[in-house]
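Starting from the two chains in their separate frames, assemble the complex, guided by the hints.
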Amino acid sequence: PTWIQFGYLVVAVCFILALKGLASPRTARTGNLVGAAGAVLAVVLTFVSVGPDHLLPILAAILVGVAVGVVAARRVVMTAMPQLVALFNGVGGAAAGLVALLELGEVGDAGVPAHLATAFTVLVGAVSFAGSVLTFGKLQDLVPARPIVVPRFRWVYGGALLLTLAAAILVVITGSVTLAAVLAVLALVLGVLLVLPVGGADVPIVISLLNAFTGLSVAASGYLLGNALLLVAGTLVGAAGSLLTRLMAQAMGRRVTTILFGGLSGTSTQG
Amino acid sequence: MTEGIALLTVFVLSAFTGYEVISKVSTTLHTPLMSGANAIHGVILIGAIQVAGRAQGSLELWLGLVAVFLATLNLVGGFVVTDRMLEMFRPRSARRNG
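Heads up: the protein sequence lines correspond to chains A and B, in order.
Heads up, the first sequence is in the numbering used here, so the first residue is 16 and it goes up one at a time.
Heads up, the second sequence is in the numbering used here, so the first residue is 261 and it goes up one at a time.
So here's chain B without its partners, still in its complex pose (with noise of 0.2 Å):
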């Protein structure tokens, strides 16, 4: 039960923290920040490995592996596609500010 406590303060502080740190974000990184956003959460690939790891007959193996694939989508993609986005904001910004 004290574990059960543990993750429910870990939830709550990070739902917090989630919401913190981007309110005052600027319209022109909604795009972007929601893709960044996306890449995060491709971090589910490490639990796609575990039960990958951990799979016993050939049909869980295969469901495992394709978890591992479609994560690791979700993570390169994620950030890759990101990066891209801020290259072509970078130029405009700075041209604004400068």
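Bound conformation, chain A alone (with noise of 0.2 Å):
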């Protein structure tokens, strides 16, 4: 309905309005209030538009969800903050891809151009997710957290890009949920491969990267369900998380292509 509409887009502007606040350190706080009270406003408004079956699964799933999430971000130490936001951000893309699929799943065959969201919405998500959680484990000292490069780089990740490219290929072409599930699962190996090479202090640069990622992937499903908040929130965060990973690469005298791809050619950081 025009109402709902209407609603989302007054969401829209609230998460506008949420960066711009976010940008200036006087109005940061109100800014982020202000996005989380447009989420809010969103979430009720999909409730009442959709009228979802299982409901009561579904608000389950949420209170978990709230429980779990308010619980983490309240304890965190300030120290373990960035890898907290790496870990809600390798969540979020998870959350994309798997939306994506059950669209896929459920829909059934619906076109080359919605095929295409699908396996860009999946293979965005899935590397966000691994590299997401790849990046928190370097930060919580789980993983080694000077650039690892695995022997044979080359063909490692020529033969993972092309695996990947050409699944991504066959599920436009075909719009099959089994060959979604395997595009999720190389994407996976994918974000894996691309986190590893990075050294340790240029990790929270990579998170910025996952961050827009994760937002373009978004952005991908909101396409996919036709449904134009998503794609406005998504794109917002994908361009804002681009040029914020550039600025924060430029305030530490890097380039993004030298921290994601120096640990390969030996110029990384020892982190």
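Since the hints were derived computationally from the structure, they do not count as laboratory data.
Given the structure is predicted, the values throughout are model-derived calculations rather than measurements.
Yeah, the Cβ is synthetic: ideal placement off N, Cα and C, and Gly gets one too.
Stretch by stretch, here's where chain B covers chain A in the computed footprint (C-beta under 8 Å, at least three residues):
#: 1; stretch: 94-108
#: 2; stretch: 218-232
Part of the chain B face toward chain A, derived, beta carbon under 8 Å:
#: 3; residue: V285
#: 4; residue: A297
#: 5; residue: A312
#: 6; residue: L323
#: 7; residue: V326
#: 8; residue: T332
#: 9; residue: N334
#: 10; residue: F339
Written out as structure tokens, the structure reads:
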């Protein structure tokens, strides 16, 4: 209905104001609250307009998510905040990937543009998830923070990239759910390979990059579901996140390409 | 096709907006801004509610519920952790300004 769409527009404006607020010290905290208020409105509007089946299990899943999210965010020590943000970002990417997979399974053959959006969402969402979990591991000292270069990396990276692209193209052509699941697994491997060679000191910049990735995958899922709000929110984060990644790299006197691939050519920080 | 063009228009305009609104961010705010932007894409929750609410088999439902849970974690955790960062940030900047 029109009033729901209007409500989503209000939410989109809240998100823009949130980003704008967060960019200035005086208004940052208010900006964040405006964003949160927008998100609550979006969820309420969705429940009203969709009238979903399985209402109780869905509400239960949300409640568990709220409980875990609030406790984790409240208890985390200051120094561990970046890795918690990485983890939150990763699960967002995973959620977007799952949404696209399920949409494909429920709607079935929806035409090439929809298949393309699905492949993109699954691919980028899974890369973001795996990459974010690995950055969490690096910052939490579960994985060595130094750049890790796999043996014969040219073959491994080339092979993984080709296989993933092949799977993505097949998903676009066939719209097969099984192939989309295969694509998700390959993308997980790709996400791990992307973050392995990054040195510990550069990890925050990679988290920002993966944050932009999740944004783009959310945007693609918005196209897939025909939901303009998801498209706007995802694109906003994708664009702001990309710029922020560059600004963060500049502030450290580094280049994003050096951060990502420097480890492979031996010029990364030793974290 | 017109709907496709409309969505493409929305996409392009949103991209410029996202880029412009944060182009003057101060260095001290990089991490909270990243965290706040991260919370915003947690709104994928509304997509998760949509697909979970349409699930037919039990596998689909479970996967849908996992998506709802993960998206909520992203959304709620994201805004709360950003607020905590800014809570610490504010007194410091007030001191510098005052």
